[in-house]
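Q: Chain by chain, the residues:
2 protein chains.
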Amino acid sequence: MKYPSTILNLIECFKKLPGIGERTAERLALSIIKMDDDVVSLFSKSLKDVKTKIRRCECCNNLSEDNLCEICKDKSRNKSLLCVVDDPKNVILFEKLNIFDGYYHVLDGLISPIDGINPEDINIDSLINHVKKNNIEELILALKPSIEGETTSLYISKLLDDSKIKITKIAHGIPIGADIDYVDSLTLEMALENRMDISPNKLS
Amino acid sequence: MKYPSTILNLIECFKKLPGIGERTAERLALSIIKMDDDVVSLFSKSLKDVKTKIRRCECCNNLSEDNLCEICKDKSRNKSLLCVVDDPKNVILFEKLNIFDGYYHVLDGLISPIDGINPEDINIDSLINHVKKNNIEELILALKPSIEGETTSLYISKLLDDSKIKITKIAHGIPIGADIDYVDSLTLEMALENRMDISPNKLS
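Protein chains in written order, with numbering that gives the first Met the number 0: chain U, 0 to 203; chain L, 0 to 203.
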């Protein structure tokens, strides 16, 4: 005897989610049975809503319910700064911290030939178009410090070689609060390479 | 800026599932966006189906789509054995292993005064009725080896004090393959207490 087919179907659905295995899917599916009717109805509706209502911002490719996302709609931000991120999640991360007031561009992936992801598979074309059409002074690349991230950063900066735009990359180094002993060698190497001058005459 | 409200709603729904925190809920909600339309439709439908179609078996309280569950419908099983479990999950566990051919009774909880769960809150009454009305020879208590499990086992056996039914409890001891060094003291104590006689004259 197995579970009734409606439960088996739901277990299969949960298993399709990232990081959810057989056992967890079973636990989650069974927990639904004990939930209130209206909570489950809302859950069921929310799933459909996300799929039908969420689209990509025409300007920056961020997640949005309208043609333009909330950030692109906001005309009070600094138009001269454009921050390039890999994932819409990173936009939210920056916004939560309230540390950046420019605009964003979401690539939705990183160049990775080994996974068959080429430059044309991610939103680089629209980025270059956006940069060339708008009066952007600084393009900040905030991509993962991985081979894919570095490749993508390099590719973008090459494409903008002939423009006068300033291209920067967020700093990689020892995380604040981390013990140097426990930091991996590549991070330590980068931290040494990107060392900053803090001599008194520089600071004054 | 936060996520669009449809995404926030879905994140909140995922957070209601057991063991799913803020970060995981966010990851799961975002993964839905990338899923195929029909997979999400099926997911949405499955959630509703589980809530509307799944009920409890009238006889044993197991999960079922009909009045009687698949096991209670099966007349070929051993009617003299009744195995008492806490959760419908345990029925599936026993059935997968194919080690028991009697019937089950699902309590759906264990007596736990500290959590406000009294005997009348779990399906003990229907169990006692079932046992008294049917010709059951052995009642096997397969409950958790916790204080709640032991309390519930004791409570059930007291209620059946005057019946001639044989009441057994599944064995607790060292798991097969486990190293005695790593077993907790209570398990070791139980394993010692419930030691079996394997002297040659007993075995022959």
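There's no promise every hint is true.
The list treats identical chains as interchangeable, and a pair is accepted whether it falls inside one copy or across any two copies.
To be verified - With a straight-line Cα cutoff of 35 Å, these simulated DSBU-like cross-link-like pairs (lysine-lysine) come out:
id : residue 1 : residue 2
1  : K78       : K157
2  : K132      : K44
3  : K165      : K95
4  : K165      : K44
5  : K95       : K47
6  : K15       : K131
Rather than coming from a laboratory, the hints here were simulated on the basis of the structure.
Remember, it's a predicted structure, so these values are computed and weren't measured experimentally.
Q: None of the hints should be skipped; say for each whether it holds.
A: Here is what the structure says about each hint:
1. Taking CA atoms no more than 35 Å apart as the test, K78 paired with K157 passes inside one copy only; the shortest distance there is 23 Å, against 77 Å between copies.
2. Neither within a single protomer nor between protomers do K132 and K44 lie at most 35 Å apart by alpha-carbon distance, with minima of 40 Å and 45 Å respectively.
3. Only within a single protomer do K165 and K95 lie at most 35 Å apart by alpha-carbon distance; the minimum there is 26 Å, versus 63 Å between protomers.
4. Proximity of K165 to K44 under the C-alpha cut-off of 35 Å is found in neither arrangement, the shortest distances being 45 Å within a copy and 50 Å between copies.
5. Proximity of K95 and K47 under a CA criterion of 35 Å is satisfied in both settings, with 26 Å inside one chain copy and 34 Å between copies.
6. For a Cα distance limit of 35 Å, the shortest separation of K15 from K131 qualifies neither inside one copy, at 40 Å, nor across copies, at 45 Å.
Consistency with the previously given hints fails for numbers 2, 4, 6, ordered from lowest to highest.
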